[in-house]
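Peer 1: Can you make the complete structure from the sequences, with help from the hints?
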Amino acid sequence: MPRLRLGRALAALSGVLIIVTLAALWVGYKPLDLAALRTDETARMVFFRLRLPRVVMAGMIGASLAMVGAALQALFRNPLAEPLTLGVSGGAALGASVAIALGLGAKVAGLPMVFILAFVGAGVAVLIVYHLARTASGAVVLPGALLLAGVVLNLISAAGVVVIQYFTDYTRALQILRWMIGSLDVVGFDLVWRMLIFLVPGWMILLWMARDLHLLAVDEETAASLGVNVQRSERMVYAAASLIVGVTVAVGGTIGFVGLIVPHAVRLLFGEDVRIVVPCSFVLGAAFLMVADAIARTVLGAGELPVGAITALAGGPVFLWLLRRQQRYSAM
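Using the working numbering, you'd call the opening residue of the sequence shown number 64 and step up by one each time.
Don't take every hint at face value.
What the hints assert, rightly or not - The following label-pair restraints were derived from C-beta to C-beta distances:
(1) 102 - 165: 43 to 51 Å
(2) 90 - 250: 16 to 24 Å
(3) 112 - 86: 17 to 25 Å
(4) 380 - 104: 40 to 48 Å
(5) 165 - 251: 21 to 29 Å
(6) 165 - 101: 45 to 53 Å
(7) 250 - 190: 34 to 42 Å
(8) 214 - 287: 45 to 53 Å
(9) 194 - 101: 57 to 65 Å
(10) 105 - 65: 32 to 40 Å
(11) 387 - 234: 40 to 48 Å
(12) 101 - 383: 47 to 55 Å
These are calculated hints, taken from the structure and not from any lab test. As the structure is a computational prediction, the values presented were derived from the model and not from experiment. Cβ atoms here follow ideal geometry from the backbone N, Cα and C, with glycine treated the same way.
Peer 2: What follows is the structure in structure tokens.
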């Protein structure tokens, strides 16, 4: 039955994604002119070198952040967990800022240093938050401590980024500021292909771990009694989440609340089964960020808002509502 429900859910969301993709390709400062694509070289260049890669990148980043959010919420058994609230995005941003400020354009094993340091920053953030939120016995993750540790780590990371901007030159400081607020500027598909090399393994790991996460969402003892290697599963999820968030932050900046809003929307639509929530969050997350980016590109006419501002405006109230609901639930 879960497979049948998953198939139906993915079919419905795929239809939504197709419609959103076509709409995102159509809208912009100047709406898409199909006739011009056949006759105007400039129109073709704008579409195939700018608009199409940007829409694809928005889908990839939205899908990635939503999937990571769903996985972290299941792993920590906390509906408020997502890369931004847990400090993972902040850690990745700090690592990427170091790479940009130092002008580390070299590659190690074919990987750009911005990607590597963002991945390291995200991984360190996950480990710090996880260990700070554990009880003394290590048996339970405390939801309040989890969020507090994430908030504090984000503040420390933000302070570190400010210090880096202060001591670096103007051009690099402006580059850090630009992507810190979330930007999806891209020319051509070269960056998209490079992202896929790193994102696809992370996606596959989280999809593969969905069954274990479904059991871990109950509690670790139940999962272990049903054959789940808890420590191995946790490490796999940490590694995949760090890789995905590191890449998305290195490319698009700190785009927050996608991993918070989308999994909750999926649960409202299709239920609490993590085996359904994780893959469906992937599809709906892609559609969500495409919509947010389309709004960012069009709301000011010739100007453009940072897409991170759009997701924050949408996600901030949702976060406060979920926090209030969790407080009421804890008081019962």
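Peer 1: Now, for every hint given, state plainly whether the structure supports it.
Peer 2: Hints, one by one, checked against the model:
Remark: the range hint 43 to 51 Å for residue 102 to residue 165 is upheld by a beta-carbon distance near 47 Å. Against the hinted window of 16 to 24 Å, the Cβ-Cβ separation of residue 90 and residue 250 comes to about 19 Å, which satisfies the hint. Evaluation of the 17 to 25 Å hint for residue 112 and residue 86 yields a pass: the beta carbon distance comes to about 20 Å. About 45 Å separates the C-beta atoms of residue 380 and residue 104, a value consistent with the hinted range of 40 to 48 Å.
Between residue 165 and residue 251, the C-beta spacing of about 26 Å keeps the proposed range 21 to 29 Å intact. Our hint of 45 to 53 Å for residue 165 and residue 101 holds, since their Cβ atoms are close to 47 Å apart. Taking the beta carbon of each, residue 250 and residue 190 are about 36 Å apart, inside 34 to 42 Å as hinted. For residue 214 and residue 287, the Cβ-Cβ distance of about 30 Å falls outside the hinted range of 45 to 53 Å, so the restraint is violated.
Here the CB-CB span from residue 194 to residue 101 is close to 59 Å, well matched to the stated 57 to 65 Å. At roughly 50 Å, the beta carbons of residue 105 and residue 65 sit outside the given window of 32 to 40 Å. Against the hinted window of 40 to 48 Å, the Cβ-Cβ separation of residue 387 and residue 234 comes to about 43 Å, which satisfies the hint. Remark: the range hint 47 to 55 Å for residue 101 to residue 383 is upheld by a beta-carbon distance near 49 Å.
Hint violations for this structure: numbers 8, 10, all remaining hints satisfied.
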